[in-house]
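**Q** For reference, the chains in residue letters:
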Amino acid sequence: MEIEHVALLARLKLSEKEKNLFSGQVGGVIDYIDKLNELDTKEIEPTAHVFPVKNVFRKDKSRPSLPREKALQNAPRKDGKYYRVPKIIE
Amino acid sequence: MQYEAVIGLEIHAQLLTDTKIFCGCSTRFGSEPNTQTCPVCIGMPGVLPVMNEKAIGYVVKTGLALNCEIPSLSRFARKNYFYPDLPKGYQISQYELPLCGEGYIEISVNNSRKKIGLTRIHLEEDAGKNIHEGGGNESLVDLNRAGVPLMEIVTEPDIRSPGEAVEFMKKLRSIVRYICVCDGNMEEGSLRCDANVSIRPVGEAELGVKTEIKNLNSFRFVEKALDYEIRRQVKALNDGVRIIQETRLWNPEKSITESMRSKEEAHDYRYFPDPDLVPIELDKSWIEEIKEGIGELPDARRERFIKEYNLPEQDADLLTAEKAVAEWFEQAVKSGGDPKTASNWIKGDLAKLLNEENRQISESLLTPKHLVEMLALIDKGTISGKIAKTVFEEMYKTGKDADAIVKEKCLVQISDEAGIEKIVDEILNNNPEEVERFRAGEAKLMGFFVGQVMKETKGKANPKIVNELLREKLS
Numbered sequence: 001m002e003i004e005h006v007a008l009l010a011r012l013k014l015s016e017k018e019k020n021l022f023s024g025q026v027g028g029v030i031d032y033i034d035k036l037n038e039l040d041t042k043e044i045e046p047t048a049h050v051f052p053v054k055n056v057f058r059k060d061k062s063r064p065s066l067p068r069e070k071a072l073q074n075a076p077r078k079d080g081k082y083y084r085v086p087k088i089i090e
Numbered sequence: 091m092q093y094e095a096v097i098g099l100e101i102h103a104q105l106l107t108d109t110k111i112f113c114g115c116s117t118r119f120g121s122e123p124n125t126q127t128c129p130v131c132i133g134m135p136g137v138l139p140v141m142n143e144k145a146i147g148y149v150v151k152t153g154l155a156l157n158c159e160i161p162s163l164s165r166f167a168r169k170n171y172f173y174p175d176l177p178k179g180y181q182i183s184q185y186e187l188p189l190c191g192e193g194y195i196e197i198s199v200n201n202s203r204k205k206i207g208l209t210r211i212h213l214e215e216d217a218g219k220n221i222h223e224g225g226g227n228e229s230l231v232d233l234n235r236a237g238v239p240l241m242e243i244v245t246e247p248d249i250r251s252p253g254e255a256v257e258f259m260k261k262l263r264s265i266v267r268y269i270c271v272c273d274g275n276m277e278e279g280s281l282r283c284d285a286n287v288s289i290r291p292v293g294e295a296e297l298g299v300k301t302e303i304k305n306l307n308s309f310r311f312v313e314k315a316l317d318y319e320i321r322r323q324v325k326a327l328n329d330g331v332r333i334i335q336e337t338r339l340w341n342p343e344k345s346i347t348e349s350m351r352s353k354e355e356a357h358d359y360r361y362f363p364d365p366d367l368v369p370i371e372l373d374k375s376w377i378e379e380i381k382e383g384i385g386e387l388p389d390a391r392r393e394r395f396i397k398e399y400n401l402p403e404q405d406a407d408l409l410t411a412e413k414a415v416a417e418w419f420e421q422a423v424k425s426g427g428d429p430k431t432a433s434n435w436i437k438g439d440l441a442k443l444l445n446e447e448n449r450q451i452s453e454s455l456l457t458p459k460h461l462v463e464m465l466a467l468i469d470k471g472t473i474s475g476k477i478a479k480t481v482f483e484e485m486y487k488t489g490k491d492a493d494a495i496v497k498e499k500c501l502v503q504i505s506d507e508a509g510i511e512k513i514v515d516e517i518l519n520n521n522p523e524e525v526e527r528f529r530a531g532e533a534k535l536m537g538f539f540v541g542q543v544m545k546e547t548k549g550k551a552n553p554k555i556v557n558e559l560l561r562e563k564l565s
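Here the protein sequences line up with chains A and B, keeping their order. Here the first sequence is numbered in my numbering, starting from 1 and rising by one per residue. Here the second sequence is numbered in my numbering, starting from 91 and rising by one per residue.
So that you can see chain A by itself, here it is in the shape it has in the complex:
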């Protein structure tokens, strides 16, 4: 089922009831977006960006980084040096 694939990609655990509910809702959104396909865009260049702006750059100049305790401040699990996360590989 499509909704299960999308849920997996988003790391969401859905109940059967939610799957049914969201299937219908997401389907509705996709149908709505599909309306765009009614437009003939054959002659139109694909839009890379909505603003007609190109080449916005910064110089390769260093700036101070965050103090480590600040960087780690919001992490649910951490020690003095690292973010700690559930073990990724056995």
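Incorrect hints may have been included.
Stated by the list, open to error - To give a feel for the contact side, a few chain A residues facing chain B, derived at Cβ under 7 Å:
{"#": "1", "residue": "K13"}
{"#": "2", "residue": "K19"}
{"#": "3", "residue": "N55"}
{"#": "4", "residue": "I88"}
Calculated directly from the structure, the hints in this document are not laboratory data. All values reported here derive from a predicted model rather than from experimental measurement. C-beta atoms are modelled at their ideal positions from N, C-alpha and C, and glycine is treated no differently.
Given the structure of chain A, go ahead and fit chain B onto it with the hints provided.
**A** Just chain B now, kept in the frame of chain A:
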């Protein structure tokens, strides 16, 4: 059945910028964990990436050096997946419209040249580093590397053997170091390589099922892992086992590739143009400016060394693989050193001394000037070629010049004929049996006599005079 291997490589090269791709954090390697991060590179909500101009220039420079097409328009895309080393939940990379299109690198295969095609080169951000040891039942994450600019070079499946793959990697490393866009340090991970490998019956056009091998962080591992994987696939097919498309990891301890056995999850990266970054337009004058900064590449320099200095191909290969070595050599020649003699000292004694300490030529106390002054002492007959080796090593160790070392260690060659004659006479008197055998036709004893004289004079006797005297007296 005879099989042939079909290999394509994906190379990731960290760019030598001072700062990260989208923020001003330092890219320095080896700092304390999580001390080089900011709200941009750890993915705080509401921040905006701003492209590092130098990173774009470096990728284009690489593309130009590798004969790539450079499209005028390029843009960035989000590659969406979850992993703890990727703080934003997506990696900013390129999908359609990479910075560089098709190109090629020429390598030497069995004394002829072979072109390995390049599919594309694109720019992306590196991820952080996950550490699985030392965290108990947790993994540790260091985000210093997150956001370091990374260039991905993808080859066509043109490589046919592990040896060719190694040649390709060496050539690529040499070029990126020449043009100063990547330090090429495979141990520190600034140059990394993944390989796609399949086999097919010789003569078959269709490609077999491929596996991807990761973690090839040295030339030796590239060769060994590919060699192992090809043999594994041949055995599987001969045994009637089907090869499955999968990612495998090179295990250097066991010298095998192992299936990563990650949960079989179809990759679905949902690439889409990153709305936070505007497109890049490369106009002609910018490309020209970058082109001018490339300078002489290894192949061109190799050709020039052969022509200009009359060097054998093998010497030219060795001298030009590293830019710093080539420059060291040319400096020696420009200060008056004979090209072939200088080359011999560089690839012989100097290479050996540097290897012993795992040093770069740029770190050597011994300069081209040292070598040239020492060569002049040999030419003048002040020291012998043999003694020169001692002087050379001393110059390497201390950075003192040849003249000073020769005086300090009393290494001046003994060319005083009367003095040497006295020693020769003594040796002939002390070894009557050998003298007789020599006269009876045992010509190889000449070496013994020369050796004795050298031993007596601590290697300082002028070998030409020694030989002449011995020949005269023994005839």
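**Q** Quick one: which hint numbers does this structure break? Sort them smallest to largest.
**A** 1 and 2
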